[in-house]
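Novice: Chains as they are written, first to last, in our numbering: chain A, 1 to 207; chain B, 1001 to 1086.
Simulated from the structure, these hints should not be mistaken for lab results.
Just so you know, even glycine gets a beta-carbon here, dropped at the ideal spot from N, CA and C.
There's no promise every hint is true.
[As the list claims (entries may be wrong)] For lysine-lysine, the following BS3-like pairs were computed, each having C-alpha atoms within a straight-line distance of at most 30 Å: (1) Lys1066/B to Lys56/A; (2) Lys1066/B to Lys84/A; (3) Lys38/A to Lys1049/B; (4) Lys38/A to Lys56/A.
[Said to hold, decoys possible] Derived coverage of chain B by chain A (criterion: at least 3 residues anywhere in the stretch with Cβ under 8 Å from a Cβ of chain A; other residues may be distant): (5) 1039-1046; (6) 1077-1085.
Letter by letter, the chains look like this.
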Amino acid sequence: MTPVLAVAAAGVVTIVAVALIVAVLVFYLVSVIVQLRKITTGLNETIASVSEIVQKSAPVNDVVTTINQQLDAGVDLLEGLLVKKAGMTDAVGLVDGLYAGAGAAGFRNFPESASVKAPRIGEVYTRGTLTLARLGREAPIAAGNPAGPALRDVERGSLAARLLYPEVRQSRPESLARSPVIGTDAPEQYEQRDDIGKPRKRLPAAR
Amino acid sequence: MILWWIGNLVLVAVVLPVVVYLLRGVLHAATSIVPSVQGIAAAAAAGSKDLDAVALLLTTQDQVQKTVAGVANYGGSLDVILDDAQ
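Start from the sequences and build out the full structure, keeping to the hints where you can.
Specialist: Following this line, the structure appears as structure tokens:
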């Protein structure tokens, strides 16, 4: 091979190798660019959605804080009213009867209530039952396990209230003493007293 | 001349594979990011849609305010009607 041809062959190989490297570079770099464009598009969508989230959730803190403040005021009011009207012990017992185990936590504004032993719900309810019975109302009777919630038998509430009265009147009304029959047609006639209309007899004066 | 051929050999046998290896790694990394970004975008869009109901909190706030006011009035009446505990 002549030197000229050898140089030309080496130069051609160099050119081909460099061209091949450049081609590989172009292919892969273009592929990377395409993927980066997809990433950019996805990030733009993400930024838009996150901006919406920030915008929509901006007032949440203030609104929830206001709601909590109002609910706190309501809880304070009801706790205070319950303790004032029922007393600490009965209030704890009533709450514990309605929500089993809640009495142990006590009232939020009355830390000493956590140490109050919750009475049985029957003891608390008896007072209210008798109050309603005195008022002539149908009394809801607490029944079931004292540790569980109070039960109110709506359908049989009147029958339950009957049990507050003497038993004979409820189950054996025929055993009650009959009312006396009076008048001229009465089956039993009594002898008329002869002192009616006359001066009252005077008892001897005590010495 | 021999050095030139050696250079050509190195260019084809060493430089080209190294360039291909490195660029394939970059492309693979870029490709693997795309599904993650699309997942994040979908999650953010869903989160934004979930927050559409936040506007109803204003209604809730108003209702709570009215309810607490009603409870306060009722409690005031009970305070007058019922006797205090002994």
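Novice: Output the numbers, in ascending order, of every earlier hint that fails for this structure.
Specialist: none
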